[in-house]
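Participant: Residues per chain are reported as follows:
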Amino acid sequence: MISIRGVVKSYPLPSGRCTAVAGIDLDIGTGEFVTVVGRSGSGKTTLLNLLAGIDTLSAGEITVAGTPVHGLGGSALASWRGRTIGLVFQFFQLLPTLTVAENVMLPMDLCGTRPSRGRRTRALELLDRMGIADQGGKLPSALSGGQQQRAAIARALANEPPVVLADEPTGNLDSATGDAVLELFRGLTRDGTTVVMVTHERDVSRFATRQVTLADGRIVDDRPTCAPAASGISSGVTVFGGTTAPEPAEQGRVS
Amino acid sequence: MRWPLSRLLLRKILRDMWLARTRMVMMTLAIALSVTAVGAFLSARAILGREISRNYLETRPASATVRVPGGVDAATLAAVKAQPGVLDATTRASFPARLKIGNGPWRMSLLFVSHAADPQRISRVTMQRGAWPPPPGGLVLERTALAFLDAEVGQAITVQVPGTVPASVTVTGSAHDGGVAPADQEQTAYAYTTDATLARLGVRSAPDELKVVIGDRTGPSGSRDVIETDVQRVAALLRARGFPVSRIEVPRPLEHPHQGQMEMVGFTLLAFGAAALLLSSVLVAALLGGLVTGQIRQIGAMKAVGARTGQILALYLTLTAILSVLATALALPTGAALGRALAAQGARLLNLDLFSLAIPPWAYALQITAGIFVPVLVALMPLVRGSRITVRAAIDDHGLDADAPARSWNGRLTTRLGGPSRLHTLATRNVLRRRGRLVLNVGLLAVAGAMFLTGLNTATGWNALVQEGTAHRADDLEIRLARPAPAARLVELARGVPGVVAAEAWARAGTTVHVPGRVDVARVYPDDAHGSFTMLAPPAATPLLRLPVEQGRWLRPADVGTVVLNNLASAQLPGIRIGDRVSLTVDGRPTTWRVAGIVSDFGSQATAYTTDRQYASVTGETGQAGLLRVVTARHDTGARQAVLDRIEAALEGDGVAVERSFRADELRAALDGHVLVLADALIGLGVVMGLVGLLGLAAGLVTAVTERTREFGVLHAIGATSTVVRGIVVAEGGFTAAISLPVAALAALPLTRLLGDFVGANAFRQPLPFRFNAPALLVWSLLALAGAALAATAAARRASRLTVRNALVTL
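Protein chains in written order, with UniProt numbering: chain X, 1 to 255; chain F, 1 to 811.
In case anyone wonders, no lab produced these hints; they're calculated from the structure.
Each residue gets a CB set at the ideal place from its N, CA and C atoms; glycine is no exception.
Warning: the hint list may mix true and false statements.
As the list claims (entries may be wrong) - With the C-beta cut set under 10 Å, the calculated list includes, among others, these residues of chain F facing chain X:
(1) Ser6
(2) Arg15
(3) Ala307
(4) Val466
(5) Leu678
What the hints assert, rightly or not - Stretches of chain F that chain X covers, calculated by requiring three or more beta carbons in the stretch to come under 8 Å of a beta carbon on chain X:
(6) 290–304
(7) 379–392
Unchecked claim - So the derived label-pair ranges between C-beta atoms look like this:
(8) F:Ala365 x X:Val8: 55 to 65 Å
(9) F:Asp757 x X:Ala76: 53 to 63 Å
(10) F:Asp757 x X:Tyr11: 49 to 59 Å
(11) F:Pro742 x X:Gly171: 46 to 56 Å
Let the sequences and hints guide you as you build the complete structure.
Facilitator: Structure (structure tokens):
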């Protein structure tokens with residue numbers, strides 16, 4: 001599904017060039033749940049950005065779902081990303097003036113992937129799978145952090161992308177909600193979705209199938225984890241149903 | 001191609017607009033204000049441009065007036081009418097006269113005389129009260145003359161034509177003459193009567209003006225060349241039949257005497273309006289740029305889920321279009337209403353009847369185009385820049401780090417700048433931190449200030465022109481004689497009058513540019529003022545006239561055959577240079593002169609000055625004068641009028657006929673009447689520009705606060721109270737305004753010069769004196785600083801309300 005060959009990424013800085021990724025080769029198969037771990041500055045986020053086509057390569061090649069990402073640019077890249085990659089961020093990045101359901105409909109709108117009549121149904125369906133169907137009509141600021149992250153995941157899945165890339169998706173969540181998110185990712189892989197997740201905070205080996213460790217822009221460790229078999233997305237509903245995510249009143253409103 | 005904006009994104013725009021409604025209102029207001037200004041000037045100009053023509057053409061103006069001393073007989077008139085190119089012809093007469101009601105003051109007048117049987121197809125007036133022709137002993141006054149003379153229809157009026165005794169006639173009606181300016185503006189009452197009334201006034205002379213309309217089947221000709229050629233043929237016919245032709249008068253064809261000034265005023269106002277629109281568009285662009293910056297992470301998120309640059313651009317362009325359509329919709333009716341009010345005001349000043357207040361569709365179309373497309377076009381650049389941001393740059397934007405590098409000029413400057421407290425240091429450095437934003441805010445305010453100052457400076461320069469124009473003349477009274485009289489006797493008579501300090505008698509003669517082989521053509525209008533050309537011959541060392549020399553030099557006692565031209569005279573001789581020879585017909589004789597200088601002479605019609613000695617040697621009229629200029633001991637209106645009455649009585653006693661006379665204050669009133677309109681309009685425009693600028697600053701500060709939401713969050717997080725945050729923002733506003741002040745003052749200097757040159761050259765053939773209106777600078781400084789404080793307060797309130805968490809997690 002994902003093939004990374006000789007990838008280098010360096011940035012010019014006033015003090016000289018800084019190499020964030022210093023030659024990485026990696027293959028990720030369909031349905032894998034790969035966590036990329038490492039200390040701050042090890043090159044995890046850069047690698048994820050390169051996979052999503054958010055950042056450009058200094059050297060090397062990346063092929064995702066058969067498409068050479070390094071060969072795309074401009075609108076083609078945007079369209080490809082919208083259809084192929086589902087992105088999940090640490091700070092959710094939901095559009096504050098669109099309702100939760102509208103946020104989920106947005107990628108379908110932008111890429112024109114479904115007939116416009118079916119988009120709301122699809123969005124509500126996804127939200128239902130995330131356990132927040134009743135929140136669809138609300139603005140993101142009315143939701144708790146965990147609920148917002150679930151909405152963000154629903155949005156990432158809107159166009160049924162074969163690959164989901166997540167950058168510290170649990171970084172802004174309490175541990176129970178974070179676990180629910182991870183459980184959800186694991187469920188996605190059962191349907192054949194490939195998940196690559198960057199994290200640095202804790203051991204997530206019980207959810208992922210493989211853990212790649214980076215240090216100074218290189219892979220220093222790459223091994224399978226002992227994660228139990230994926231329980232499927234449907235179980236996510238159960239997980240989220242029992243979540244103890246703080247309510248909006250506790251967290252304050254996000255504007 | 002599919003419109004890249006879905007209903008979902010449209011919904012997002014509308015909600016974004018609601019969230020940023022304060023800024024949206026400001027942007028809409030800024031555009032609406034300037035489009036209103038553009039619309040008002042455009043509409044007023046369109047209405048007046050159409051109506052001035054219509055009013056003038058309604059009078060069926062003669063293309064030319066041929067002066068035939070002694071008049072022509074009916075057979076010759078018929079022969080003239082049969083000439084090729086002549087559409088119509090008639091004979092008329094006009095006399096300078098004086099009018100007074102009861103014991104009121106004498107007022108200058110011009111009597112237009114027709115035969116009672118004249119069909120009034122040429123140079124006609126529209127009767128408003130009474131009937132045409134007036135009965136013998138009756139007189140019709142131009143409508144603006146009624147108020148000027150404080151006269152009423154039915155009242156008796158005393159009329160004196162030079163060389164006759166005053167006689168009483170009756171005002172039997174009032175009329176509108178679309179070819180003359182209002183009486184108070186020219187300080188002249190226009191009156192219309194028949195030869196029967198003229199006979200009662202003691203004038204027994206044949207009508208000496210042959211008025212002809214030149215043209216073809218399509219109507220009267222608009223070409224000076226055609227008119228001059230055809231009318232020279234008429235002159236040849238008249239001469240062949242034994243009628244002497246003294247000169248031909250051809251005013252600007254089909255053009256009202258004030259048409260040029262009206263168009264120039266309209267153009268200047270429109271230019272200011274366009275500048276205001278551009279300014280508000282830049283402001284909108286800046287604000288949208290700010291809005292986009294504030295939504296950088298949202299753009300990143302949208303791009304991350306598949307949005308293309310074109311979709312993002314369409315999103316913000318739609319927002320801009322919504323604003324500009326709204327603003328234009330607001331501005332159209334207000335602009336039209338204001339334009340109509342302006343046109344009505346202009347019509348009063350130009351003595352026009354507005355037959356229609358209709359605003360032509362093209363004026364609306366232009367407003368709509370300008371109002372919608374100019375802001376969108378100007379906003380395009382920041383929007384494209386914002387939409388093209390990469391996902392990574394967008395996601396990485398934390399609102400704290402988009403600063404100029406420390407090694408840049410303002411980076412170095414920033415770190416050196418301090419303030420009386422840490423708070424002020426922060427505010428000062430914040431202002432300088434974002435070079436682009438600083439340049440924009442200062443620029444907007446400075447441009448607005450510069451326009452405000454330019455408007456007021458030009459108005460001051462305009463008034464100074466009038467002031468200087470009258471200051472160059474030391475006389476209090478000017479008395480023009482109907483016929484030349486011995487100069488020495490005139491001076492003796494005047495000096496014998498109590499209250500007279502000094503008096504000089506100058507030779508004065510109407511003149512025209514002479515081209516050998518043809519009858520001289522003057523450019524004067526029937527009002528005998530606009531386009532007239534006079535020769536004046538004061539003593540070389542006259543203390544009564546000190547005109548600023550623009551080129552060459554003033555007259556010297558030893559000069560032989562030299563003239564000095566004023567600006568308007570040099571304009572009648574295109575391409576004339578110092579040292580050139582000019583042929584002028586003076587007193588009916590062709591004469592040749594060398595041009596020694598060109599002088600600025602605001603307030604006079606085209607004049608060629610020479611010395612009394614030269615005038616006598618060239619014309620052979622030794623010791624004769626046609627003009628008396630008098631200095632009185634007291635300079636108030638009452639004293640001047642009393643002296644004038646005594647001098648006129650003395651002259652009359654000596655058999656000297658006065659053609660017209662006026663006090664210096666009447667001249668001043670006439671000049672003010674010509675300039676105050678534009679001066680007031682410029683002040684009004686300056687205020688509009690100022691308002692747009694202040695709106696810009698207010699909106700700019702709100703944007704700055706929004707852009708730095710996270711920074712304020714950090715400040716709150718490290719213990720800054722709301723008061724501290726408010727203080728920072730208000731100080732930033734004040735500092736921005738303070739920087740803009742010297743920039744505005746400096747920018748106003750060349751702008752004032754430019755506008756003064758343009759307006760002066762077009763209106764009076766001379767640049768306006770350069771004036772810097774210091775009180776205006778003070779007013780603008782106070783306005784800008786107070787406006788900045790006010791604008792900053794709104795932004796500051798917003799900043800101080802942000803909670804730490806809101807500020808830090810905001811998307």
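Participant: With reference to the structure, classify each hint as holding or not holding.
Facilitator: Verification of the hints:
| no. | hint | result |
| --- | --- | --- |
| 1 | Ser6 | holds (4 Å) |
| 2 | Arg15 | holds (4 Å) |
| 3 | Ala307 | holds (5 Å) |
| 4 | Val466 | violated (59 Å) |
| 5 | Leu678 | violated (49 Å) |
| 6 | 290–304 | holds (count 7) |
| 7 | 379–392 | holds (count 3) |
| 8 | F:Ala365 x X:Val8: 55 to 65 Å | holds (58 Å) |
| 9 | F:Asp757 x X:Ala76: 53 to 63 Å | holds (56 Å) |
| 10 | F:Asp757 x X:Tyr11: 49 to 59 Å | holds (55 Å) |
| 11 | F:Pro742 x X:Gly171: 46 to 56 Å | holds (50 Å) |
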